[in-house]
Amino acid sequence: MKGMVFSTFIEMVEEKFSIDTVDQIIEEANLQSGGAYTTIGTYDHGEIIELVGRLSQHTGIPGGELIKAFGEYLFGVLVGGHPQFLKGVEDAFQFLLQVDRYIHVEVRKLYPDAQLPKFTYEQPNPSTLIMNYSSERPFADLAEGMIVGCIRHFGHDITVTREDQGEAPGLASRFTMTKKVNVDE
Amino acid sequence: MSEELDKWIRRYEREKSARKQAEQIAEEKTREIYYINEELSKLNEHLEEMVELRTADLEKARDEAIEASKVKSQFLANMSHELRTPLNAIIGYSEMLKEDAEELEDSYFAEDLQKIHTAGKHLLSIINDILDLSKIEAGKMELYYEKVELSNVLNDIRFTVEPLAAKNNNELIIESDAGIIETDLTKLRQILLNLLGNANKFTENGTVKLTVRKVEHDGVPGHQFQVEDTGIGMTEAQMDRLFEAFTQADSSTTRKFGGTGLGLAISYRFSHMMGGLISVSSEYGQGSVFTLWIPDENVNKIEELVLDELSTEQLTAAADSMESNGKRILIIDDDPTMHSLMRRYLSHHNWQPIFAANGFDGIERAREYKPDVITLDVLMPGMDGWKVMQVLKEDPELKHIPVIILSMTDNRNLGFTLGASEYLMKPVDRKSLLGVLQKYIPEDELGESMIMVVEDDLPTAQMMTKLLKKDGYGVSHATNGQEALDRLDEVNPRLILLDLMMPTMDGFEFVAHIKKLSKWENVPIVVLTAKTMTEQDIEQLNGRVHRIMQKGFYDKDELLKDLDRLLKRHETAIKSS
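As given, the protein sequences belong to chains R and Z, one line each in that order.
No gaps in the numbering here: position 56 of the first sequence is 56 in the working numbering, and each next residue is one more.
Numbers given in the working numbering equal positions in the second sequence, counted from 1, plus 1000.
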């Protein structure tokens, strides 16, 4: 997993909890990297699961919730650092639709070895978008958090429902986003 | 407190370790980029190598193609020689035999011989067309520009086309406000004869009209030649392919009207070479209009001194510096264009022109130069032509000089009463002027003139011998250049008629040798060849050869007239030296 995810996670824990918390979870979690992350490095994705587990123990918040919250946070950081992806984009659906065919393509130019999740899309009507997530790593929660982050960024009133698919949890999920239609309009 | 410090130290260590990782990754990436660059430049080199190889291949192919084209041109040149030489004999002999038959009043044979003669000429024209086209396509066709008076060209053309018009009972009309044009006369003539020939071929009991007008095209001054007929016309589809080689309106046309279909293709290409255009419009069953436009000047030439811009003084000075063995002719005319025109008319003849722009100067120059002939304009400011004439005829030293009046007005009686020898109306054409001047060259007192015919082809040599003997010349025949050189002293020729392509010693080598022999430096050489002349060939002969005639492109009378003129010039030169 790309180092940018790790260093952003550490930043978030520092910001939302404390520098002490960061030190504690890293010390407890016997990591191969020793918790020294650089954005341009690549690390075992197990490390982030380990760190989340430790954080969950310290805070009493379930791991899934923590990852979703991290997803929202990560969305803000990514978009803030790469404003070009927002150019000409007017709503959340439009942005989400270009993740697979534009943003991930650009990511591969910088990191040819990046293992990115795969998204397929369905749009049964203009106010509904379905995204099918599949990955070699169990981060459906992270995807959900990022989707929510995106919807918040554009300030829409969109509900997200998630159906997990397949046997192993978090490897494949179906997200259905529905715009709330204002009847008065 | 130390626990707090330990925490910060751990944090610092993590950050340091992360930085080192980042630096290591950066190093690796830089190295990667370096190797990728290496590979790219290798690939690039390889590509360059490939391009070089490919270029070398292409160069080789190009050289081979150029060589092949040279071989082809050479083949064509030789072929033209091989074809024209025997054909020339057929044409020449059939003409002579026909004349003999006519003299013997054997009209039966004369008619048949005329047919052979006509068919031979037709075959020759087809061969010439094919060779022309091959030359154009090989980029070997060259243009020879000269300034010509269009009215002369048109007179000439009328003379040639009238029999064609008469044959199909057509009326031939030529209308023109033509002036002077700088062009390749041979090619212009060929185009016009082709267009008029076609018009007459496809028109019966109708009218063929040639209209010549000064027309500017894109700001370039030029002349437009429109050939209009009332013949069978063409459909759109027929017009589309008209200027392509080997194409006639359709195959039935070929059966009915004959021809190779090359004429228009050649005309089209010629007009383009001269910077001109040719176009057609036609209505089926109603007739066709072909329009040729060509610029008045050589579009390809670099700045050149135009004769018209020379002053009278310069012209006279130029004339003075010319070989002075010619007859002197004083031209008294106030129109400077007349001066340059006369100069052009006389340039190839043995006349040395002296110019005067008014009557007073005219009389003064007549006293100074004692010319052999004077041409005199009538309407001049100051002293008019009649006054000048009176003064000339009252001067005992000048009164014997023949005066030729050149005038716009017809006042013959007054002219002859005052003592004019000849009276010509302006505009004067070259032929009639030269014809009149010829009268004032005294006949040679010398007897038979010996002509040496250097020619390897026996039928041609025999034909030339017969032709020349008939005209009163003595003839000696040599079969190649070496034999001719060996026998010069024995034969003592007054003129040499020279073939170019001969065994043992060819014409070029012969010319190179005789150039070095001062004894023969004044003997005119006329080249008579079937070889297609290149610019290089002409250059090689330049300076020594007086005239180059293409077998099959001259007629008998023209040749004899030319020889006669050259011989006279030669005798004059001998006398004056």
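One thing to keep in mind: the hints can contain errors.
[Claimed, not checked] Every beta carbon over 10 Å from chain Z, so not counted as near; a handful from chain R, in silico:
| hint | residue |
| --- | --- |
| 1 | 19 |
| 2 | 27 |
| 3 | 162 |
[Unchecked claim] So the derived list for chain R, only partly shown, Cβ under 10 Å to chain Z, looks like this:
| hint | residue |
| --- | --- |
| 4 | 5 |
| 5 | 41 |
| 6 | 45 |
[To be verified] With a straight-line cut-off of 25 Å between C-alpha atoms, the simulated BS3-like cross-links for lysine-lysine are:
| hint | chain 1 | residue 1 | chain 2 | residue 2 |
| --- | --- | --- | --- | --- |
| 7 | Z | 1568 | Z | 1098 |
| 8 | Z | 1042 | R | 109 |
| 9 | R | 16 | Z | 1370 |
| 10 | Z | 1568 | Z | 1370 |
| 11 | R | 16 | Z | 1016 |
| 12 | R | 109 | Z | 1029 |
| 13 | R | 109 | Z | 1568 |
Read the hints as simulated data drawn from the structure, not as lab findings.
Even for Gly, the Cβ is constructed at its ideal location relative to N, Cα and C.
To see whether the hints hold, each was checked on the structure:
no. : hint            : result
1   : 19              : violated, 7 Å
2   : 27              : violated, 7 Å
3   : 162             : holds, 34 Å
4   : 5               : violated, 14 Å
5   : 41              : holds, 5 Å
6   : 45              : violated, 17 Å
7   : 1568/Z - 1098/Z : violated, 30 Å
8   : 1042/Z - 109/R  : holds, 24 Å
9   : 16/R - 1370/Z   : violated, 127 Å
10  : 1568/Z - 1370/Z : holds, 21 Å
11  : 16/R - 1016/Z   : holds, 24 Å
12  : 109/R - 1029/Z  : holds, 14 Å
13  : 109/R - 1568/Z  : violated, 94 Å
Taken one by one, the earlier hints fail for this structure at numbers 1, 2, 4, 6, 7, 9 and 13, listed in ascending order.
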